[in-house]
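First residue of the sequence shown? That's 7 in the numbering used here, and the numbers climb one at a time after it.
Each hint should be verified, as a subset may be incorrect.
Only pairs whose alpha carbons sit at most 25 Å apart, straight line, appear in this in silico PhoX-like list of lysine-lysine [claimed, not checked]: (1) Lys-227 to Lys-192; (2) Lys-238 to Lys-262; (3) Lys-238 to Lys-227; (4) Lys-262 to Lys-227; (5) Lys-238 to Lys-192.
Note that these hints are calculated values from the structure, not bench results.
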Amino acid sequence: MIAGLILLLLILLAVLVYPALRQAEAAAAKPDELQTDENLRLYKERRDDIEQMELDAADREAMLLELDRELLAAADSRAAFANSPGKGARLILMAFLLSLSLAGTWVMYQFWGAGNEVRATQLLEFSTQAELRPAEYEELEIRMARASERDPENMDWAFLRGRLFEAEGRFADAAQAYAELLDTLKPEQVQDRAAILTLVAQARFFAANQEPSEDIYNQLKEALELSPEQRKPLGLAGILAYELGYYEEAIGYWRKLWIQLPGGMEARTIENGIQRAAEVIEQQGGSVDLSWMVPARIEVVVSISDEARAAVDANTTVFVLARALQGPPMPLAVQRLTVSQLPTKVVLDGSVAMAPGMPTLGSVDEVTVTARVSLSGQPLAQPGDWQIQQAGVASRGSDAISLEISELVSE
7 MIAGLILLLL ILLAVLVYPA LRQAEAAAAK PDELQTDENL RLYKERRDDI EQMELDAADR
67 EAMLLELDRE LLAAADSRAA FANSPGKGAR LILMAFLLSL SLAGTWVMYQ FWGAGNEVRA
127 TQLLEFSTQA ELRPAEYEEL EIRMARASER DPENMDWAFL RGRLFEAEGR FADAAQAYAE
187 LLDTLKPEQV QDRAAILTLV AQARFFAANQ EPSEDIYNQL KEALELSPEQ RKPLGLAGIL
247 AYELGYYEEA IGYWRKLWIQ LPGGMEARTI ENGIQRAAEV IEQQGGSVDL SWMVPARIEV
307 VVSISDEARA AVDANTTVFV LARALQGPPM PLAVQRLTVS QLPTKVVLDG SVAMAPGMPT
367 LGSVDEVTVT ARVSLSGQPL AQPGDWQIQQ AGVASRGSDA ISLEISELVS E
């Protein structure tokens with residue numbers, strides 16, 4: 007848009023400057039005294055000719071009168087030219103019009119253009135480098151609100167506004183901003199709605215000094231109905247369920263979260279929460295089966311047949327991966343090797359998930375384990391690859407399995 011404005015200004019400048027230059031050229035052709043003398047000479051010659059013609063008195067007077075008018079008209083034109091604005095005045099007028107155009111363009115750009123969004127973006131960048139001054143925070147808030155109003159379908163500004171309130175500790179305002187954002191979502195935006203519902207519930211939870219309530223808990227359950235596997239609502243729903251005394255529900259939410267996590271601090275924190283909830287249930291006379299809390303882990307001894315090794319290069323990629331027996335073909339866990347490293351032992355677990363946020367090995371009970379020499383360097387089988395597969399492998403508690411790559415992929 008800025009490039010377009012610059013182009014328009016250049017065109018405007020040309021329109022204003024060109025007439026001024028033309029006037030300067032015209033000044034060079036200004037009538038002078040020689041031209042006046044020539045006009046008088048021609049006037050006298052034509053007057054003499056008229057007087058020598060055989061005309062009646064009335065016609066002669068009419069022709070002489072017309073000749074006088076022509077001479078007067080020429081003199082008036084010269085006087086008007088001499089009294090016209092000079093080059094300096096024209097340049098002043100041109101500069102005024104150009105300044106007026108520039109000011110109008112700037113005002114229109116601020117009102118209809120992206121000036122507001124550009125300034126808001128600058129302030130956001132500044133906030134990542136240093137703490138904004140109170141006046142800058144206030145300006146950023148106003149500009150982000152204005153951007154959201156001008157483009158309601160663009161969720162980014164409304165979302166960032168809510169995040170700004172959270173960063174300032176204004177959780178009630180953040181909850182309100184996220185709630186307004188919900189109203190702009192279309193019914194088919196299921197994942198976005200689940201995520202924003204979670205943000206609303208989280209902001210309300212912190213605004214209430216982390217005091218749980220049925221209303222906030224129900225909002226989290228609504229988010230999980232839309233997207234059952236999202237980590238944030240699972241973790242927060244488990245916390246609220248525990249605080250409200252719904253210990254079995256807390257374990258259910260934390261279980262879904264725990265099986266998605268690789269080993270680490272977060273997984274251990276969830277394990278501790280599950281153990282505490284189970285202890286309370288047992289103290290109340292109930293019982294809880296926690297046998298599923300064995301981490302998902304499969305040891306695979308991978309080798310390659312002599313025939314397959316002879317058919318491929320030593321640096322060819324080898325994939326060892328686990329897929330759910332039923333469901334999407336995306337691997338739940340994958341290790342990458344080369345033919346030169348075989349035979350070897352690899353471990354498939356939550357730490358080698360295909361991608362962050364995707365289902366992990368712990369999300370299923372049984373898998374199909376595949377070892378494949380990939381000529382293309384991609385996990386998907388292609389003709390010419392060599393592989394071996396074993397289905398029905400337990401994701402937890404199974405003994406190490408052995409796979410020898412020996413089958414040629416033909417289709």
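Satisfaction of hint between Lys-227 and Lys-262, Cα-Cα up to 25 Å: Within the cut-off at roughly 14 Å; holds.
Between Lys-238 and Lys-227, does the CA-CA distance stay at or below 25 Å? Since the Cα atoms of Lys-238 and Lys-227 sit roughly 12 Å apart, the hinted pair holds (cutoff 25 Å).
Can you confirm whether the C-alpha distance between Lys-238 and Lys-262 stays at or below 25 Å? Satisfied, since the Cα-Cα distance of roughly 11 Å is no more than 25 Å.
25 Å Cα cutoff - pair Lys-227, Lys-192: Given pair Lys-227, Lys-192 holds - Cα atoms ~20 Å apart, limit 25 Å.
Are the Cα atoms of Lys-238 and Lys-192 separated by 25 Å or less? holds, 22 Å
When each numbered hint is compared with the structure, no violation occurs for any of them.
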